[in-house]
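Note that the protein sequences, when read in sequence, are chains A and B.
If you're matching positions, the first sequence starts at 1 in my numbering and goes up one per residue.
If you're matching positions, the second sequence starts at 466 in my numbering and goes up one per residue.
For the record, the hints were derived by calculation from the structure and aren't laboratory data.
You can trust all of the hints, since none of them are fake.
No more than 27 Å apart at the CA atoms, straight line, and that leaves these computed lysine-lysine pairs for DSSO-like: (1) K231(A) x K766(B); (2) K350(A) x K27(A); (3) K696(B) x K301(A); (4) K841(B) x K492(B); (5) K387(A) x K852(B); (6) K448(A) x K231(A); (7) K448(A) x K815(B); (8) K815(B) x K841(B); (9) K913(B) x K350(A); (10) K301(A) x K235(A); (11) K815(B) x K492(B); (12) K387(A) x K350(A); (13) K301(A) x K350(A).
Just a sample of chain A residues kept apart from chain B, beta carbon distances all over 10 Å, derived: (14) I38; (15) S45; (16) D88; (17) A207; (18) E234; (19) N268; (20) L357; (21) L372; (22) G416; (23) N422.
A quick note: this is a predicted structure, and the numbers were derived from the prediction, not measured.
Ideal Cβ placement from N, Cα and C applies to all residues, glycine included.
Listed here are the chains, written in short residue letters.
Number of protein chains: 2
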Amino acid sequence: MSFTIQNVLIATNDDYLTVDVQVVDGKIAAIASDLEVIGTAVDGSNQLLLPGFVNAHTHSSEMWQRGIMSVLPLELWLAELYDFAPLDLEKVYLSALGTAVETLLSGGTSVVDHLVLIPGQELETIAIAVRAYQEVGIRAFIAPLIQDQSLTAGLPSGEFVQNHQPYFRPTAATLEIIEEAIKQFHHPQAGVSMLVAPTGIQLCTDALFQGCIELSDRYDLCRHSHLLETKAQEKLAQEKYGCTAVEHLHRLGYLSDRTSLAHCVWLNHTDITTLAQTQCTVVHNPLSNLRLGSGIAPILKYLQAGVNVSFGCDGASSNDSQDLLEAIKIGSVLHNTTDLDYQNWITPRKSIDMASLGGARGLNVADQIGSLSVGKQADLVLYDLTKLSLLPRTDPIGLLVLGRPTNVVDSAWVNGRQIVSNGEVNTINVDHLRQELFNRSQWEINRKSPTIAQIETHYRRVMEI
Amino acid sequence: MSFTIQNVLIATNDDYLTVDVQVVDGKIAAIASDLEVIGTAVDGSNQLLLPGFVNAHTHSSEMWQRGIMSVLPLELWLAELYDFAPLDLEKVYLSALGTAVETLLSGGTSVVDHLVLIPGQELETIAIAVRAYQEVGIRAFIAPLIQDQSLTAGLPSGEFVQNHQPYFRPTAATLEIIEEAIKQFHHPQAGVSMLVAPTGIQLCTDALFQGCIELSDRYDLCRHSHLLETKAQEKLAQEKYGCTAVEHLHRLGYLSDRTSLAHCVWLNHTDITTLAQTQCTVVHNPLSNLRLGSGIAPILKYLQAGVNVSFGCDGASSNDSQDLLEAIKIGSVLHNTTDLDYQNWITPRKSIDMASLGGARGLNVADQIGSLSVGKQADLVLYDLTKLSLLPRTDPIGLLVLGRPTNVVDSAWVNGRQIVSNGEVNTINVDHLRQELFNRSQWEINRKSPTIAQIETHYRRVMEI
Numbered sequence: 001m002s003f004t005i006q007n008v009l010i011a012t013n014d015d016y017l018t019v020d021v022q023v024v025d026g027k028i029a030a031i032a033s034d035l036e037v038i039g040t041a042v043d044g045s046n047q048l049l050l051p052g053f054v055n056a057h058t059h060s061s062e063m064w065q066r067g068i069m070s071v072l073p074l075e076l077w078l079a080e081l082y083d084f085a086p087l088d089l090e091k092v093y094l095s096a097l098g099t100a101v102e103t104l105l106s107g108g109t110s111v112v113d114h115l116v117l118i119p120g121q122e123l124e125t126i127a128i129a130v131r132a133y134q135e136v137g138i139r140a141f142i143a144p145l146i147q148d149q150s151l152t153a154g155l156p157s158g159e160f161v162q163n164h165q166p167y168f169r170p171t172a173a174t175l176e177i178i179e180e181a182i183k184q185f186h187h188p189q190a191g192v193s194m195l196v197a198p199t200g201i202q203l204c205t206d207a208l209f210q211g212c213i214e215l216s217d218r219y220d221l222c223r224h225s226h227l228l229e230t231k232a233q234e235k236l237a238q239e240k241y242g243c244t245a246v247e248h249l250h251r252l253g254y255l256s257d258r259t260s261l262a263h264c265v266w267l268n269h270t271d272i273t274t275l276a277q278t279q280c281t282v283v284h285n286p287l288s289n290l291r292l293g294s295g296i297a298p299i300l301k302y303l304q305a306g307v308n309v310s311f312g313c314d315g316a317s318s319n320d321s322q323d324l325l326e327a328i329k330i331g332s333v334l335h336n337t338t339d340l341d342y343q344n345w346i347t348p349r350k351s352i353d354m355a356s357l358g359g360a361r362g363l364n365v366a367d368q369i370g371s372l373s374v375g376k377q378a379d380l381v382l383y384d385l386t387k388l389s390l391l392p393r394t395d396p397i398g399l400l401v402l403g404r405p406t407n408v409v410d411s412a413w414v415n416g417r418q419i420v421s422n423g424e425v426n427t428i429n430v431d432h433l434r435q436e437l438f439n440r441s442q443w444e445i446n447r448k449s450p451t452i453a454q455i456e457t458h459y460r461r462v463m464e465i
Numbered sequence: 466m467s468f469t470i471q472n473v474l475i476a477t478n479d480d481y482l483t484v485d486v487q488v489v490d491g492k493i494a495a496i497a498s499d500l501e502v503i504g505t506a507v508d509g510s511n512q513l514l515l516p517g518f519v520n521a522h523t524h525s526s527e528m529w530q531r532g533i534m535s536v537l538p539l540e541l542w543l544a545e546l547y548d549f550a551p552l553d554l555e556k557v558y559l560s561a562l563g564t565a566v567e568t569l570l571s572g573g574t575s576v577v578d579h580l581v582l583i584p585g586q587e588l589e590t591i592a593i594a595v596r597a598y599q600e601v602g603i604r605a606f607i608a609p610l611i612q613d614q615s616l617t618a619g620l621p622s623g624e625f626v627q628n629h630q631p632y633f634r635p636t637a638a639t640l641e642i643i644e645e646a647i648k649q650f651h652h653p654q655a656g657v658s659m660l661v662a663p664t665g666i667q668l669c670t671d672a673l674f675q676g677c678i679e680l681s682d683r684y685d686l687c688r689h690s691h692l693l694e695t696k697a698q699e700k701l702a703q704e705k706y707g708c709t710a711v712e713h714l715h716r717l718g719y720l721s722d723r724t725s726l727a728h729c730v731w732l733n734h735t736d737i738t739t740l741a742q743t744q745c746t747v748v749h750n751p752l753s754n755l756r757l758g759s760g761i762a763p764i765l766k767y768l769q770a771g772v773n774v775s776f777g778c779d780g781a782s783s784n785d786s787q788d789l790l791e792a793i794k795i796g797s798v799l800h801n802t803t804d805l806d807y808q809n810w811i812t813p814r815k816s817i818d819m820a821s822l823g824g825a826r827g828l829n830v831a832d833q834i835g836s837l838s839v840g841k842q843a844d845l846v847l848y849d850l851t852k853l854s855l856l857p858r859t860d861p862i863g864l865l866v867l868g869r870p871t872n873v874v875d876s877a878w879v880n881g882r883q884i885v886s887n888g889e890v891n892t893i894n895v896d897h898l899r900q901e902l903f904n905r906s907q908w909e910i911n912r913k914s915p916t917i918a919q920i921e922t923h924y925r926r927v928m929e930i
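For reference, chain A alone in the conformation it holds in the complex (with noise of 0.2 Å):
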């Protein structure tokens, strides 16, 4: 685990220099020019060291829904997710090593893991998901997504009377496994840490809030959720609580320092004042809230209010791929539409800083990784400066950030372990993963989702379409 890293080029303050990086039992142990090697020699010329990045919101099982979800808002498109789920362990074991090597790929070395459980299944799902990401190498983050009302509960009633399903377990069992698996599977020291993670107040109850907040609080851990992702849950807040969810979450004491909220597109001035006096982290996933017309996440707001924000890629059902690069690319530019003040917009070097350090904030993790820093774990990524997609050669981060890089993530470590090296995946046979993706798959084509035929009407009209 110790090796140093020679001539390689690092971002300054508003420069690059290029120096040595010494890595010792898994933590940088100096950075310097003309450093004595320790370990191993890498050469790093003509090479890029960043911190690694956090894809920080994803459901990896999606990774087999991709490309064939039809082109639906959130609500509709759930349903259709939801009726062609795979419920199968040894999926969830692929798409999550399919979800770590392409985050990896594209810069990324930790992962939050929003991760779907099968029914009656949830500890094992969440063991075989573990265990795919320490295969890997990955930093993982496992958020089991719980709710405890059932999905038509998650749509807004307007003037019709709706009558939901019971949810199929009360939520104190719910809330019983949720605790088993924070026993069995938290080691932030081995690289997988679980936070709390109710999917969100549109198929939540009050009481899952508070279990969470509770065993968030007895167990030292993060607590995440999504929030406010479309219009009809700003519309169902409104119905449920009588006032917004961000109000309703900040009253039940869910908001902290270490609570990380994925999508935030329909928060209002207060809300945003409110994350911040909280100290929440947004996690911004561009490319879902575009493929299911969320709406664009008010992210220059956001750093303007000094909220920490942070990338996921989300789910590859809704985007469709895990690639951080992407995300964080689309996730500065898009903005570059919401204010004719340029001097707002977000520059690349914001851009690596939010998907490294603020990636780390929002897990509660800055004083360890997210940064190049003595003392900090060696979770770092070097990109190759000669790859075609990187030159002429000008600015690399603006390259990294504003290009479309293909095959640059030349080696990554995590805690100081090379788990890609040569642009490969070094940790798992990656040729053997996409074998099997193919062989459990097929190419098909216009799914019919018996629930969205049960749901649509209603949607269509308390939306007002």
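Add chain B to chain A, keeping to what the hints say.
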């Protein structure tokens, strides 16, 4: 130039078929099951065959400044661009090669190069770009970028009196150069077509537009131009003409079924109707429009009005890649946020159609390329569906458009000539190109543009920032 692709997946109206495709003398001769092998047999198993896309608007030499351009709106960005534009024929050659390679490896077989001309070496600039495209073998549409007003004339004046330097060359002299270029380089049968291409209303007099119309009529050429890319241009048109830019260009006679217009962000309802009536093509450059904060072009409205729409990467200083699949993805999903009714959203199949047949229509060659039709030229692309980024297997076109395909183009043909094989451009030495791009550039950062310093105060005042 004769070959037969066997067992390849092609898209039918709403499904896929596995077929053989015969190409004889550069044309598609037959598409059916179990065809006799004519010429070379190509194994199409587990591959998807699509018509080549058109990169319908770019500026190749901008590749030299990708990654480094400041985060600025078009008008200031343009000042910086021109301050640092490379004026070197060898660089024009290399960036044309690079543009062709990136376009090909993302599914494009045609490129429209709105080519920035080196002052005093206009014909040489065109000649060297033509040479580059012919060496690669991509179908090239050369649109020499001309203007006859100075840069500052492109800004609205508002309430302020502005004086502009006269342009360095008279309009007639510029038109003479273009006519000479047409005579020398317009060889559609050899894969090189010339277009007339005034930069846009912001920097061109009526005389220049009229001269271009005349040349277009005399030599039977398509017409190209930027149109209403920014809010500043919308203001400028009102100042300059007392009407919208579309009304003015319509009156001049520039709008026609062989006119393609890049950007079209700031058009009103009447303008859109005019584009539909005149059968113009809108070239959508979504990534450039986001990076420069120009806005979101009302593409769903164009489609509803029956306007033909195609995709462009735009120059690599405003994108900063030449990856057409990226432009197609973002140019499709972006608009889901502009219309609550998902029934109007662009499906992946529609996107593919816009990128291929839409591109061909905009160049008046829809009878020759743009679809897999017997009798058309064989401008074809074969995608390898076993690549990780296109797995698991679901809907191949969905994966291609909505994912983030990497290394997926296995083969490409233009006019039946194979110019990509095994994922590599085989007509030029790409490794040598890479070396040249590397050697002729250096990592840099933080340039100061003198022209921005001159115009920024006025820009902010007139745009009320």
